[in-house]
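Q: Just need the whole structure built from these sequences, with the hints factored in.
Same order as they appear, the protein sequences are chains H and G. Taken in order, the first sequence gives residues 8 to 529; the numbers are from my numbering. Taken in order, the second sequence gives residues 8 to 529; the numbers are from my numbering.
Please note: incorrect hints may appear among the correct ones.
A pair counts as met if it fits within one copy or between any two copies, since identical chains are not told apart.
[What the hints assert, rightly or not] The list that follows gives simulated cross-link-like pairs (lysine-lysine, DSBU-like), each with its CA atoms no further than 30 Å apart:
{"hint": "1", "residue 1": "K34", "residue 2": "K400"}
{"hint": "2", "residue 1": "K110", "residue 2": "K522"}
{"hint": "3", "residue 1": "K400", "residue 2": "K41"}
{"hint": "4", "residue 1": "K457", "residue 2": "K110"}
{"hint": "5", "residue 1": "K522", "residue 2": "K34"}
{"hint": "6", "residue 1": "K400", "residue 2": "K40"}
{"hint": "7", "residue 1": "K13", "residue 2": "K110"}
{"hint": "8", "residue 1": "K110", "residue 2": "K16"}
{"hint": "9", "residue 1": "K245", "residue 2": "K234"}
By construction, these hints were calculated from the structure, which means they are not laboratory data.
Protein chains: 2
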Amino acid sequence: MSDPKKRAKLPRGFVDLGPADIAATEKMLAEIKKSYELYGFEALATPLVEYTDALGKFLPDQERPNEGVFSFQDDDEQWLSLRYDLTAPLARYVAENFDRLPKPYRSYRVGPVFRNEKPGPGRFRQFMQFDADTVGTSSVAADVELCMMAADTLEWLGIKRGDYVIKVNSRKVLDGVMGAIGLGGEENAGRRLTVLRAIDKYDRLGAEGVRALLGKGRKDESGDFTKGADLRPDAIIKVLELFSIVDWVAQSKKGNPPFQAGVDSGAIDDRKAEHIGFEGVIGGVKAAVGSSSTGLDGLAELSRIWVLIQSAGYDDGRIRIDPSVVRGLEYYTGPVFEADLTFETKDEDGRTVRFGSVGGGGRYDGLVGCFRGEDVPATGFSIGVSRLYAALKAINSPIVSASVQRGPVIVLVLDQGEIAHYQTFVTQLRNANIVAELYLGSSGMNAQLKYADKRGSICAIIQGSHERAKGEVAIRDLVLGAELAASTKDRADYLDLRTRAQFSRPEAELVEAVKEVLARHP
Amino acid sequence: MSDPKKRAKLPRGFVDLGPADIAATEKMLAEIKKSYELYGFEALATPLVEYTDALGKFLPDQERPNEGVFSFQDDDEQWLSLRYDLTAPLARYVAENFDRLPKPYRSYRVGPVFRNEKPGPGRFRQFMQFDADTVGTSSVAADVELCMMAADTLEWLGIKRGDYVIKVNSRKVLDGVMGAIGLGGEENAGRRLTVLRAIDKYDRLGAEGVRALLGKGRKDESGDFTKGADLRPDAIIKVLELFSIVDWVAQSKKGNPPFQAGVDSGAIDDRKAEHIGFEGVIGGVKAAVGSSSTGLDGLAELSRIWVLIQSAGYDDGRIRIDPSVVRGLEYYTGPVFEADLTFETKDEDGRTVRFGSVGGGGRYDGLVGCFRGEDVPATGFSIGVSRLYAALKAINSPIVSASVQRGPVIVLVLDQGEIAHYQTFVTQLRNANIVAELYLGSSGMNAQLKYADKRGSICAIIQGSHERAKGEVAIRDLVLGAELAASTKDRADYLDLRTRAQFSRPEAELVEAVKEVLARHP
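A: Dropping the structure here:
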């Protein structure tokens with residue numbers, strides 16, 4: 008090649024996956040698929056590329072339109088983009104095929120999505136999502152069903168009840184609180200976003216951290232200062248009322264006094280332990296939304312949701328109402344939900360943390376309407392596959408741990424002139440459905456056996472001139488061979504071991520002998 | 008939404024896939040995977056995006072570097088591209104991980120690739136490939152193995168022996184012929200490409216068409232003129248010698264005289280019927296390469312390949328040497344192969360044509376070396392999944408025809424106030440592993456039953472106030488229901504049919520009753 012030497016480098020924020028990760032991910036996706044199909048969702052695959060204007064400007068946590076999206080022009084100078092989620096393409100698909108689809112239309116989709124962002128630990132530019140959406144119904148039963156399905160799916164994947172929770176809130180509640188503290192209207196969109204982001208950090212920072220972010224701002228452990236929303240003290244208390252009761256519960260469970268000194272005790276000092284649960288949570292929400300009609304709508308929505316959750320029996324901790332759930336996307340219009348893993352794990356710095364969110368979603372009644380000029384109600388749930396995969400690894404789920412495969416049977420090539428004959432051994436094995444390959448390199452016997460080890464092989468086939476003269480093959484059990492190599496001759500069964508670790512058979516008995524060896528190491 | 012109405016349009020050259028296509032494709036991919044794994048290849052997944060400079064300029068049939076590739080800059084202004092095949096990313100991966108990989112390294116990869124080209128019938132901008140490659144060996148046994156695997160894979164997918172052929176050639180033969188007609192060297196690269204493209208059209212145009220393209224040029228049926236390579240008559244005869252014998256065989260089989268009047272008879276009039284087969288083919292190649300040492304190398308390579316094919320028993324028509332195989336990619340350095348389906352089908356204009364190529368590959372000893380500054384021998388085979396899928400559909404393979412799924416059991420909602428109670432029916436069914444859903448729209452009973460039909464459901468659950476009062480549910484068999492609707496009352500078993508098409512049961516027997524109905528329609 009006349010090219011100068013090129014740089015062999017995986018692009019930043021992207022990953023290569025080897026066989027074990029691929030096999031485990033496939034098993035995991037098959038389980039999710041079974042769970043989604045049980046709920047009546049049917050598969051849809053849209054391309055990875057859409058017209059840029061069809062994707063819209065709904066990327067989470069981005070203020071400038073199309074920031075964070077990979078975009079390019081085709082040979083006709085049309086702007087195209089890599090999809091950044093699986094919801095915008097669904098909206099395009101439904102709008103384009105509206106008349107011929109059954110309604111409500113229930114679909115699931117799985118595949119990679121892309122973000123043009125600075126990559127970091129656990130933050131990739133290509134990652135996989137698995138979504139289910141119901142389009143064409145405004146019934147909260149559709150939202151509740153997604154939450155139930157999320158819970159079922161986590162359990163199918165081996166996450167135990169109690170190790171996860173599906174949290175539900177309503178955007179209308181949050182909008183109501185915004186109205187109640189004077190942050191309604193287009194002109195307050197920026198400050199509203201700052202407040203929502205502060206609320207969203209509740210899980211990580213607690214009430215005190217959120218209070219700081221709602222006020223002047225917060226200095227984190229590293230000394231970095233994040234500017235706050237600069238709300239007035241009474242507005243801060245109103246917002247904190249939303250989830251103060253949740254904080255109270257969490258603190259009680261840890262055996263701590265319910266409130267930290269000086270923090271938000273004013274807002275909630277009249278609450279009692281018996282308020283815990285749905286009624287308690289709703290009490291906080293009621294206080295926070297005041298007389299806002301949007302907020303009261305949200306409150307009614309949460310009550311209807313709770314009735315359905317109870318009747319399906321998911322009120323046993325699997326699903327709960329949690330007013331701190333924000334979800335980043337601008338387009339949500341009603342119920343929003345989040346799937347959180349509650350067990351503890353270590354973060355990148357070795358600190359113990361709760362695993363946190365592995366998925367979420369919500370109602371987006373306006374998104375399909377962007378194409379059709381009329382609102383089409385819709386709701387959806389999305390699993391972050393890579394993150395969930397990391398969680399399954401952390402709990403050593405059988406889904407991901409049982410996917411180590413053994414290597415092929417290796418037929419050694421000790422005489423390149425006999426390669427056609429060696430090839431017939433491989434063909435016989437494959438015809439018997441045994442994974443097998445001819446050693447294709449040019450190294451000697453020891454290197455060939457090392458290659459077999461590296462591939463995780465159980466068995467190697469050896470035929471030197473000695474065996475060939477007798478019409479025989481030697482079968483080597485690589486597992487026993489390794490054991491033999493680590494033994495001494497004093498071992499009682501040394502001779503027996505040696506006999507079993509490598510033995511000769513007539514060529515015609517090759518397949519049978521290999522099956523024998525493979526059966527020793529199931 | 009304040010957005011103006013957006014255009015809901017699938018980008019040109021991309022497709023959406025529904026549940027039947029997705030299920031069939033998955034089954035097909037699972038079979039290919041099993042076949043590749045049986046040959047000892049292990050899975051690898053690289054990202055869809057690579058640094059542009061790592062992809063190189065090897066796109067088939069493109070003269071300008073990077074033409075036909077979708078490229079864009081990331082937030083650090085680095086140029087990235089969507090992969091256009093699965094070989095260039097493998098070369099990057101192997102070069103980057105060279106020291107820790109077993110050698111030879113055998114991997115398979117499957118996934119979408121992208122081309123920034125004018126789309127057309129059967130020509131997409133995103134399509135799927137399934138590749139296997141062996142890196143780190145120059146043995147032709149690796150090439151032969153890929154050909155054998157290609158044949159096995161097609162048979163696993165239900166393509167009968169005789170309906171396909173794997174054709175093998177060597178680039179060295181073609182290079183030798185180029186040298187022999189004075190087209191060696193960098194300065195003739197352009198004309199060489201024109202000649203190779205002409206040879207590549209042999210299957211479609213026959214000897215006469217190729218002869219025209221090697222000379223002044225060719226006018227096709229529509230009157231369009233393609234400029235030719237402008238070779239001298241003796242050079243044209245030399246090139247035609249390459250596959251004249253093949254043409255001869257084809258003509259004989261059709262019962263036609265071996266040569267059309269006035270066409271290439273000068274070159275091959277001394278051949279006899281007994282030359283058919285490998286010897287005959289090799290005879291033509293010998294004449295064409297003359298004394299070119301590269302050409303003679305190629306000839307020797309084809310002979311070694313043929314020995315291996317024979318000893319594996321694939322010389323029964325599954326694999327054959329065919330000097331007309333070119334394969335477009337500039338980077339091939341040795342054996343090249345192509346998987347062709349030989350059965351007939353209709354093209355877009357309704358004409359009967361052979362189905363043609365569904366995959367191919369070859370040896371590319373220089374590609375990994377672009378990164379490492381030393382040649383790393385490698386060979387690979389790629390299946391065009393979408394094209395093969397079309398072929399399986401054309402022959403009605405069970406792989407693709409048996410994947411129609413039945414719809415979920417639909418629980419009708421006749422009283423929105425009772426939705427929580429209806430939900431419990433759905434939960435019971437799902438707990439029994441029966442795909443079920445609650446009707447989530449707001450339409451009346453007839454529309455709900457139409458929805459169930461549209462979903463392909465077998466069974467609907469109905470509970471109106473009448474049934475509810477008695478603690479019962481009505482089970483509707485939608486298949487028998489349709490039969491009933493098409494019958495008249497004179498039918499002998501009309502009453503029995505009506506009884507079986509819809510019946511009531513106590514709520515507690517819901518799951519059992521649904522199982523009964525589902526079992527009627529396996």
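Q: Please go over all the hints and tell whether each is borne out by the structure.
A: We went through each hint and held it up to the structure:
no., hint, result
1, K34 with K400, "both (13 Å within a copy, 27 Å between copies)"
2, K110 with K522, "between (54 Å within a copy, 26 Å between copies)"
3, K400 with K41, "both (20 Å within a copy, 26 Å between copies)"
4, K457 with K110, "between (59 Å within a copy, 10 Å between copies)"
5, K522 with K34, "both (27 Å within a copy, 28 Å between copies)"
6, K400 with K40, "both (19 Å within a copy, 25 Å between copies)"
7, K13 with K110, "between (53 Å within a copy, 22 Å between copies)"
8, K110 with K16, "between (47 Å within a copy, 20 Å between copies)"
9, K245 with K234, "within (20 Å within a copy, 79 Å between copies)"
Hint violations for this structure: none, all hints satisfied.
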